[in-house]
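Trainee: Those sequence lines, one after another, are chains U and W.
So the first sequence is numbered by UniProt numbering: it starts at 1 and just counts up by one.
So the second sequence is numbered by UniProt numbering: it starts at 1 and just counts up by one.
Since the hints were made in silico from the structure, they are not lab data.
All C-beta atoms, glycine included, are put in the ideal place defined by N, C-alpha and C.
Some hints could be false.
Stated by the list, open to error - With beta-carbon atoms standing in for the labels, derived distance ranges: (1) Ala-132/W / Glu-8/U: 46 to 56 Å; (2) Gln-127/U / Ser-227/W: 15 to 25 Å; (3) Arg-127/W / Gly-19/U: 21 to 31 Å.
Said to hold, decoys possible - If you want the footprint, here are the derived chain W segments under chain U, 3+ residues with CB under 8 Å: (4) 155–164; (5) 210–217; (6) 232–241.
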Amino acid sequence: MSPLLTVEDLAVEFRTEDGVARALDGVSFTVEAGETVAIVGESGSGKSVTALTVLGLLRRPPARIVRGSVRFRDRELLRLSRDELRKIRGKDAAMVFQDPMTALNPVQRVGKQIAEAIRLHSAVSRQQAMARAVDLLGLVGMAQPGTRARQYPHEFSGGMRQRAMIAMAIANDPALLIADEPTTALDVTIQAQVLSLLRTAKQETGAATVLITHDLGVVAEMAERVLVMYAGRIVEQADVRSLFASPRHPYTAGLLASIPRLDVESQTLTPIPGSPPSLLAPPPGCPFAPRCALRQGRAECVSERPALREVDGHATACHFAELAE
Amino acid sequence: MGAYLVRRVLVSVLVLVLVSIGIFWLFRLAPGDPVEMMLPPQNRGPGSEAFIAAKRAELGLDEPVWVQYFTWLGNAVTGDLGYSLDTGRSVSDLLGERVGPTVYLMGLSLLLALVIAVPLGLLAAVRKGRFADYAASVVSLGAVCTPPFFLGILGIYVFSLKLGLLPSAGMSTPGQYSVGDSLSHLLMPLVILAFSQSGQFTRYVRSSVIAELHADYVRTAEAKGVSATGVVTRHVLRNALIPVITIVALSLPNVLAGAVVIETVFAWPGMGQLAIASFQGRDYPVIIGFALFFSIMVLLSNLIADLLYTLVDPRVSLR
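So here's chain U without its partners, still in its complex pose:
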């Protein structure tokens, strides 16, 4: 059976005032039914653009899909009409956004916003949809869901709003749930609750989950497989244990080294020096070369772009992956 989602050689550009930025440059990956995949990387690495492209939510212009393919349940999403895509969005593939404070319509009751998601994809009455919305709010752990459904977003805390967003996303039993930094805007204590809720949601719906985050703690907690993105490319891909135990790309190694640890006595953090390359004029070779600890002056790194290849069960885009640790 083919995977639930197959993204192949996806390239996306943004027109900006300073020129054309290549936000995604040949991104390929698959998501199997029911699995949890994390996409990690720093700001601007292309995580969110990947998610938005998959669901057809990119604003075009300024964005432009240069090439590639997105197959979901054996249908090519990039070639679907707006209306066909709309029937999939919110039904088979749903999304939870980063900032729950602004992601809900401030002048509409929360229950109505959830009921709208239901009524868009199934022929039920207003009352039935509302009853289901109340059930969903109960399912995501909200006390007094009936009362809550009649309230407006400003009467909810951040964590409660994210619960409501998740209720909305799972309303139609999606096969794919994309969560874009779902915990970033929340307090640490609330983060844990939302993560466990995402796990519950997954159990309820059996949806494959794509979790976009820059928080490696979240990755370790949730994911089965990890994609590491850098400057619009996937630089490493592996199952979560093996990635944390023995990274095969110097960027991943740098990310892991920069996590503060309680078990090692150290006064300072270990950052990756430098900053990501400009997407307007990417360097010809490996985009990570200027910051790479492994490069040590090798000419290949700045002349030739490394392709993803398999090393020790990882996919890695590094000429010298065998030397990485």
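Let chain U serve as the given structure and place chain W on it in line with the hints.
Mentor: Using the frame of chain U, we list chain W on its own:
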């Protein structure tokens, strides 16, 4: 809410007192007084001076301004706004018979302006940077830039004089009261006044909708599978109209000022005509009555705007 209303009314009364002091004092700084206006210099002979002095004393104009003011205020709180120096009629009667036509014309034109501006602004926003947007811009900027009196004169020339389709003056033809007749008198002043206002409103609706289209909740709605039309009608429009309420309330003095001009052009028997006549004749009691009416309209429209806010935006509550 009750306490809020009481507080607002008290503040409004204070504002009205301040407005009346300002107007009272300012108009007495202006050269000329009503008695001199009644008796132009070329008509004066011996004894005129004595007549003017007697008339001034009779009207109380020889007293210090603050004494005159408190006399007026004392009468005003009992509901007596004084008598016109020109016609001798009671100011409240004069205003009373003129309020109706003005409020009628203003209210309808405000409504029509919104009926034009909301769809036009929405269309321009949704089609931003395309033909419909530029077309809407041309129309709305034209509306902002063209003075209503010019359109009034143009309208009279074309539709009354050349085509003979519409009457050029008044609210109705004397002796012939019918709905059709009233409507034909109303049409030109109404459309011109509404068109002038709609330009500004269109621009505000457009920018407000454009701002809302970039809000996060729009993307949430799209992710749910809401259609482009549904996003605009079910989510964006209500959010976008919240700031427009304020703009409409703030524009009320403009509408009133526009109405004064249009009333003069079309001989509409409203406040505008009365105001201009009383300014020219230094008819102090009528001027103050008019200023108070103007102030009450502005205060009232602001109060209505605030109340509308609580209806439209659940985040706002009045305390």
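Trainee: If a hint holds in the structure, say so; if it does not, say that too.
Mentor: So, going through the hints one by one against the coordinates:
A beta carbon spacing of about 38 Å between Ala-132/W and Glu-8/U contradicts the range 46 to 56 Å that was offered as a hint. Taken as a hint, the range 15 to 25 Å holds for the pair Gln-127/U and Ser-227/W, whose Cβ atoms sit roughly 23 Å apart. A hinted range of 21 to 31 Å for the beta carbons of Arg-127/W and Gly-19/U is consistent with their spacing of about 27 Å. For the region 155–164 of chain W, the stated coverage by chain U is violated: 0 residues have a C-beta nearer than 8 Å to a C-beta of that chain, whereas at least 3 were required.
Restraint check on the region 210–217 of chain W versus chain U: 3 residues with Cβ-Cβ distances below 8 Å, three needed, restraint holds. Proximity of the region 232–241 of chain W to chain U, defined as three or more residues with a beta carbon under 8 Å from a beta carbon of that chain, is established by the 4 residues found.
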